[in-house]
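There are 2 protein chains.
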Amino acid sequence: MQIPQPYLLFLGDVRDPLAVKMARGILAWRPEACVGQLRLDAQTPDLGLDDLTVAEAAARGARTMVIGTANAGGKLPIQWLDSVREAVAHGMNVASGMHQRLGAVEDIAAAARGKGVELFDVRHVHPPLEVGNGARRPGKRVLSVGTDCSVGKMFTALALEAELKKRGIDADFRATGQSGIMIAGEGIAIDAVIADFISGAVEQLTPANDTDHWDVIEGQGSLLNPAYAGVSMGLIHGAQPDYLIMCHELGRPHMRHMSHFPVPDINACVELNLTCARVTNPAVRLAGFSVNTSSANEEEARTFLQELERRFGVPATDPVRFGIEKVASHLLALDAQGDR
Amino acid sequence: MQIPQPYLLFLGDVRDPLAVKMARGILAWRPEACVGQLRLDAQTPDLGLDDLTVAEAAARGARTMVIGTANAGGKLPIQWLDSVREAVAHGMNVASGMHQRLGAVEDIAAAARGKGVELFDVRHVHPPLEVGNGARRPGKRVLSVGTDCSVGKMFTALALEAELKKRGIDADFRATGQSGIMIAGEGIAIDAVIADFISGAVEQLTPANDTDHWDVIEGQGSLLNPAYAGVSMGLIHGAQPDYLIMCHELGRPHMRHMSHFPVPDINACVELNLTCARVTNPAVRLAGFSVNTSSANEEEARTFLQELERRFGVPATDPVRFGIEKVASHLLALDAQGDR
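As given, the protein sequences belong to chains E and U, one line each in that order. Take 2 as the starting number for the first sequence in the working numbering and just add one per residue. Take 2 as the starting number for the second sequence in the working numbering and just add one per residue.
Incorrect hints may have been included.
Repeated chains share a single entry, so a pair holds when one copy, or any two copies, can fit it.
What the hints assert, rightly or not - Derived lysine to any residue pairs resembling SDA-like cross-links, with alpha carbons at most 25 Å apart: (1) LYS22 to GLU131; (2) LYS76 to GLU131; (3) LYS166 to LEU53; (4) LYS327 to LEU130; (5) LYS116 to THR212; (6) LYS76 to VAL126; (7) LYS167 to GLU308; (8) LYS76 to GLU87; (9) LYS166 to ARG312; (10) LYS327 to GLU87; (11) LYS76 to ASP173; (12) LYS22 to CYS270.
Honestly, the hints are just simulated from the structure, not real lab data.
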């Protein structure tokens, strides 16, 4: 699956700024892939892109209309479907991260076949999968892991990919969730595969590569989150990472959506991730911490990060506030220590 | 989902004794639920049940024909379908553990609707699922876990259920795999659910219960098996077990189907399972070991089990050779130590 870029970002009629998070992520990380935005309502958040009709976007070369919004329940609102029909009629592909499949709307599916365009239901479409086998593959791999969901694992992986590329290093972000897939144009929504195939899907997502190539793999969930740890476990085994970056949110009071679960101890989380990663890569090492410190002032943030560095002997940063450079440098320094 | 018993065990035309393992399991654990066997080939293994036609089985009260075989690839051989049609025509339900769905064969699906009977594709059919929430539920829970796949986790759970019932204790075997589901008549094939819902499916499978009721939960895979650990992780979190029984095969040289992976150290496996189980039940304890010692003579087996008992301070048995009684007794003794 490769979603053709550039994109027209469809924002529908949502009004909650959080609902356009996916579109914002695409624009932030792949601005060159965004020709404009399409809003159905004047109160829909403005990303600062040109407001375009489907016809105008097609004329500017947009190859895929991306439904870059989320709504409760994941259903496609009926008032959005006419825009989808219009995009297909203009020969554009359409990509959606909604639970409800575009391909399940019969007239749209038929129109897409007729026009020879693709409907990408990124939560659902993936290549035929095999169960994992754990065999070692050439190439270098770094995986973002976390103390919980939504602590910046995607952001960290994208920032690290960008930093490695800036340094002239051959690196690919490997997307495991719907936002990441929209940004990369490819990937596998790991939480949506059949449980038997989690690690196998990741093996396929990050195949054997050149020995000096880096896969920067987007983590999901947390080994200590009681809802999603199965996904995280299969991901860590399939990724067989050489390096882990531990992601965390400073000051989060409890696990996301679970007031009865405190956020786990970072040390326990690091140890568990290393223990599990060693199953498929005994040489795995912690390369750094990436912390969302937005709830704290800068001094508190620096104090927290320095304490992590002191305890673990690896760099700790907030990539939004202080950049990812020091973690990237440490990663490359560890790697330069030679064959392990 | 509740598969109506008793069963006619359909063995098809398979010749490999291993291919009728599921049917043998049903007969071993629920002999009262088996009215006969149906073989299409004289060389198909004989389970010792009466050979019946579909009509004869229906006359003896069989309510479901169970396709109690496995074959490579999981497809339904075309020469079996006439027996399925005949069963439906006689008003019997049909249950299958094959990957290919009975319900996908159009004329069979239509005939089943017409006769008002059910087609149970146990690998695929499950109730609508929610993601796990990790909230504590009343009732006692014991989970069989393992150093690898196919080390006796289902056998151990069934043996323990039988032993608890023999002692007058209110206990239910909770099936998580297709053979277990056929035996219990209900359950959820955990490895076949979408990855996001693994722990939620187990929470639904083993719901809140009376405080003196025992759920004896069938484990799957191993936290140290690089193919299936995601399933095992979600299962252990969703089960929130009070007690674990560690299952193992003596003398297995490497992980099943993975000659490049040695079987893990038992101590590391126990520690990792306890660490992960504590996420949803901080009071979890190891209650014993259940070891398949069939590759060793009786003296070697006893020596190995005694060594486990010495190292871990809990009973170790081979339930086939020596019975499950001592593990059940220890489990109940631990539990009688009172509220924890």
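So, going through the hints one by one against the coordinates:
no. : hint             : in the structure
1   : LYS22 to GLU131  : between (32 Å within a copy, 24 Å between copies)
2   : LYS76 to GLU131  : between (29 Å within a copy, 16 Å between copies)
3   : LYS166 to LEU53  : neither (32 Å within a copy, 69 Å between copies)
4   : LYS327 to LEU130 : neither (37 Å within a copy, 43 Å between copies)
5   : LYS116 to THR212 : neither (41 Å within a copy, 61 Å between copies)
6   : LYS76 to VAL126  : both (17 Å within a copy, 23 Å between copies)
7   : LYS167 to GLU308 : neither (29 Å within a copy, 57 Å between copies)
8   : LYS76 to GLU87   : within (19 Å within a copy, 41 Å between copies)
9   : LYS166 to ARG312 : neither (30 Å within a copy, 51 Å between copies)
10  : LYS327 to GLU87  : neither (47 Å within a copy, 70 Å between copies)
11  : LYS76 to ASP173  : neither (32 Å within a copy, 38 Å between copies)
12  : LYS22 to CYS270  : neither (27 Å within a copy, 40 Å between copies)
Comparing the model with each numbered hint stated earlier shows that hints 3, 4, 5, 7, 9, 10, 11, 12 do not hold.
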